[in-house]
Amino acid sequence: MTLELRNSPDPSLMSRIGRQARLAFGLMVLAVPLSGCGTGALWDKYFAKEETFVDEPADKLYNEGLYLMNKKGDRKSAMKKFEEVDRQHPYSEWARKSLLMSAYAAYENGDYDECISSANRYVALHPGSPDAAYAQYLIAASNFDQIPDVSRDQGRTEKSIAALEEVIRKYPTSEYATSAKRKIEAARDQLAGKEMTVGRYYMDKKDYTAAINRFKVVVTQYQTTRHVEEALARLTEAYMAIGIVGEAQTAAAVLGHNFPDSRWYKDAYNLVKSGGVEPAANKDSWMTRAFKKVGLG
Numbered sequence: 014m015t016l017e018l019r020n021s022p023d024p025s026l027m028s029r030i031g032r033q034a035r036l037a038f039g040l041m042v043l044a045v046p047l048s049g050c051g052t053g054a055l056w057d058k059y060f061a062k063e064e065t066f067v068d069e070p071a072d073k074l075y076n077e078g079l080y081l082m083n084k085k086g087d088r089k090s091a092m093k094k095f096e097e098v099d100r101q102h103p104y105s106e107w108a109r110k111s112l113l114m115s116a117y118a119a120y121e122n123g124d125y126d127e128c129i130s131s132a133n134r135y136v137a138l139h140p141g142s143p144d145a146a147y148a149q150y151l152i153a154a155s156n157f158d159q160i161p162d163v164s165r166d167q168g169r170t171e172k173s174i175a176a177l178e179e180v181i182r183k184y185p186t187s188e189y190a191t192s193a194k195r196k197i198e199a200a201r202d203q204l205a206g207k208e209m210t211v212g213r214y215y216m217d218k219k220d221y222t223a224a225i226n227r228f229k230v231v232v233t234q235y236q237t238t239r240h241v242e243e244a245l246a247r248l249t250e251a252y253m254a255i256g257i258v259g260e261a262q263t264a265a266a267v268l269g270h271n272f273p274d275s276r277w278y279k280d281a282y283n284l285v286k287s288g289g290v291e292p293a294a295n296k297d298s299w300m301t302r303a304f305k306k307v308g309l310g
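Its first residue numbered 14, the sequence shown is counted upward by one per residue in this note's numbering.
Mixed in with the good hints there might be a few duds.
What the hints assert, rightly or not - The following label-pair restraints were derived from C-beta to C-beta distances: (1) Asn295 / Thr222: 13 to 23 Å; (2) Gln159 / Arg134: 44 to 54 Å; (3) Asn226 / Ser287: 20 to 30 Å.
No wet-lab data here; the hints were simulated from the structure.
A virtual CB, placed ideally from N, CA and C, is assigned to each residue, including glycine.
Given only the sequences and the hints, what does the whole structure look like? Please build it.
Structure follows, in structure tokens:
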């Protein structure tokens, strides 16, 4: 009895498969020139060699960025060149320089968020660099330049002060610390102006207690700003309006002692005189203590 091997290939079957494969291959080859761009695109997608990308020298990209920014005034294109240095040569000295220049170009172009992002990255990556102080200053300056007018929320102003104080804390002997101090005074004046705006609003509404609270913030926190004279005069007015004459006298006296030539003092003096009293400072008043604390009382 002969056993049939079930797994052995059938010669006739293999012959048919071979003929079909050769036919299919022949049709595919013929289809290439006949089918036009469709097959060409398919061929390119699966069989074409990937194009080789050649890096450009870091110094060339950097200098092109400087040229675009300084000679052409094209800060956007300059930023792209500096970013390309960082992308192609991330661990080079040129990448460090380019990151700072990218932040500077963004600042000059008014792209403050982009500037803050690049400068923050610079400080994080190169905290010991001689230029880290400038990067920190760019962060602060970007926030400072976005300070809104006193009619709007002053969150950006507070953020600006925090960033400027960071410059002074980290780099107290740098040239940027001096500039940061001046900007802080301007920002603080802005915050005081906001308090005065709200305080005047409450005065118009005859909500004197709310107004006093606003003017008190100016007197206790912003004595060195230009708004403190008016704040003391307004306090004189508000205290007289609600019958707390002693505090009105103190406000007028503190104003006269520290700003004797102020037009606001003349108004405050006339106001207390109209009430039959003279300016007189109560040494236990919060106003007297506030000014002694900063050497103005």
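How the hints compare with the structure:
1. Asn295 / Thr222: 13 to 23 Å: holds (19 Å)
2. Gln159 / Arg134: 44 to 54 Å: violated (19 Å)
3. Asn226 / Ser287: 20 to 30 Å: holds (25 Å)
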